[in-house]
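Participant: Sequence:
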Amino acid sequence: MFPILLKIGPITIHTYGFMMALGVGFGFWFLFIQAKKQSLHASRLIDMAFYTIIISLIGAKIILFIGNFSYYIQYPGELFSLARSGGVFQGGLAFGILFALWYFRKQHIPTWKAADIMGPALALGHAFGRIGCFSAGCCYGRECAEPWGVTFQSEYAHNLTGIPLKTLLHPTQLYEAALNFLNFFVLFFILKKKKFDGQVFSFYIINYSIIRYFVEFYRGDHPSKAFLIKNASPYLSLSFPQFFCILGVIAGIILYLILKKRKRA
Numbered sequence: 115m116f117p118i119l120l121k122i123g124p125i126t127i128h129t130y131g132f133m134m135a136l137g138v139g140f141g142f143w144f145l146f147i148q149a150k151k152q153s154l155h156a157s158r159l160i161d162m163a164f165y166t167i168i169i170s171l172i173g174a175k176i177i178l179f180i181g182n183f184s185y186y187i188q189y190p191g192e193l194f195s196l197a198r199s200g201g202v203f204q205g206g207l208a209f210g211i212l213f214a215l216w217y218f219r220k221q222h223i224p225t226w227k228a229a230d231i232m233g234p235a236l237a238l239g240h241a242f243g244r245i246g247c248f249s250a251g252c253c254y255g256r257e258c259a260e261p262w263g264v265t266f267q268s269e270y271a272h273n274l275t276g277i278p279l280k281t282l283l284h285p286t287q288l289y290e291a292a293l294n295f296l297n298f299f300v301l302f303f304i305l306k307k308k309k310f311d312g313q314v315f316s317f318y319i320i321n322y323s324i325i326r327y328f329v330e331f332y333r334g335d336h337p338s339k340a341f342l343i344k345n346a347s348p349y350l351s352l353s354f355p356q357f358f359c360i361l362g363v364i365a366g367i368i369l370y371l372i373l374k375k376r377k378r379a
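Numbering (the numbering used here), first residue to last: 115 to 379.
Keep in mind that the hints were calculated from the coordinates and are not lab data.
It should be emphasised that the depicted structure is a prediction, and the values quoted were computed from it without experimental measurement.
Don't take every hint at face value.
Computed cross-link-like contacts, DSSO-like style, restricted to lysine-lysine with a CA-CA straight-line distance of at most 27 Å [to be verified]:
# : residue 1 : residue 2
1 : Lys151    : Lys307
2 : Lys309    : Lys375
3 : Lys377    : Lys308
4 : Lys375    : Lys308
5 : Lys375    : Lys227
6 : Lys227    : Lys309
7 : Lys375    : Lys220
Throw the hints in and build the complete structure from the sequences for me.
Facilitator: See below:
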């Protein structure tokens, strides 16, 4: 666990930010290469991806603020902490998708053809981002009795995220990172074999929703109010992120069926 990757005088490079930048870089690279192969306007897609990242970050923080509205009203000074937090991924994804759809229409870019190369790029970038989460100590897991449990010892990260120290925890960040890398390769395979535009992006929504749903069982950073159903057993509980994942699976399946039917027509 290395929340600070490098510190030289007044210059500090945080590992979380570095991994996020690495993920964005690899995502842009994949998007650019595949856009050229798909005969899409690569530079416009890169512009779209850049603006979408900004909109997604804002959206993720807005959803985080809404979900913790009473806390920020009680402690308004903590509003500045929003600048350091990553926010709620599902919120960022929703804002990003809406903006991207608008941008595609405005720039006359084939929406679902472009979305199909965005799906793997998102999975790839997200995987690197979760490694950054692990190094920073955010999105941490609940207590773990398994041999692969990890113990965090950074007081800096504890003060920043509240992660328990010297306690075996599930490395949920690494679970999700590994599954996102796997999702990238699955989506890339589907991209090469796809039968209709939008097929890959539909599977991105379905796959990530399933990934996040199961990883949520092992998260330990959610307060009680983050649950729709709170039970002594995490496997009998239902968090708000899991609820949104269920909606995501339904939305992905509906999108897949609609686009498949449109292709046949």
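Participant: Quick one, are Lys227 and Lys309 close enough, alpha carbons at most 27 Å?
Facilitator: This hinted pair holds, its Cα atoms lying about 11 Å apart.
Participant: Sort out whether Lys307 lies within 27 Å of Lys151, counting only the CA atoms.
Facilitator: Given pair Lys151, Lys307 holds - Cα atoms ~14 Å apart, limit 27 Å.
Participant: Hinted pair, alpha-carbon criterion (27 Å max): Lys375, Lys308. Please report holds or violated.
Facilitator: holds (14 Å)
Participant: So if I understand the rule, the pair passes when the alpha-carbon distance is 27 Å or less; does Lys377 with Lys308 pass?
Facilitator: holds (12 Å)
Participant: Are the Cα positions of Lys309 and Lys375 separated by 27 Å at most?
Facilitator: The given pair, whose Cα atoms are some 12 Å apart, holds under the 27 Å limit.
Participant: With a cut-off of 27 Å on the C-alpha distance, tell me whether Lys375 and Lys220 pass.
Facilitator: holds (25 Å)
Participant: Between Lys375 and Lys227, does the CA-CA distance stay at or below 27 Å?
Facilitator: Roughly 16 Å separates the two Cα atoms, so the pair holds.
Consistency with the previously given hints is maintained throughout, with no hint failing.
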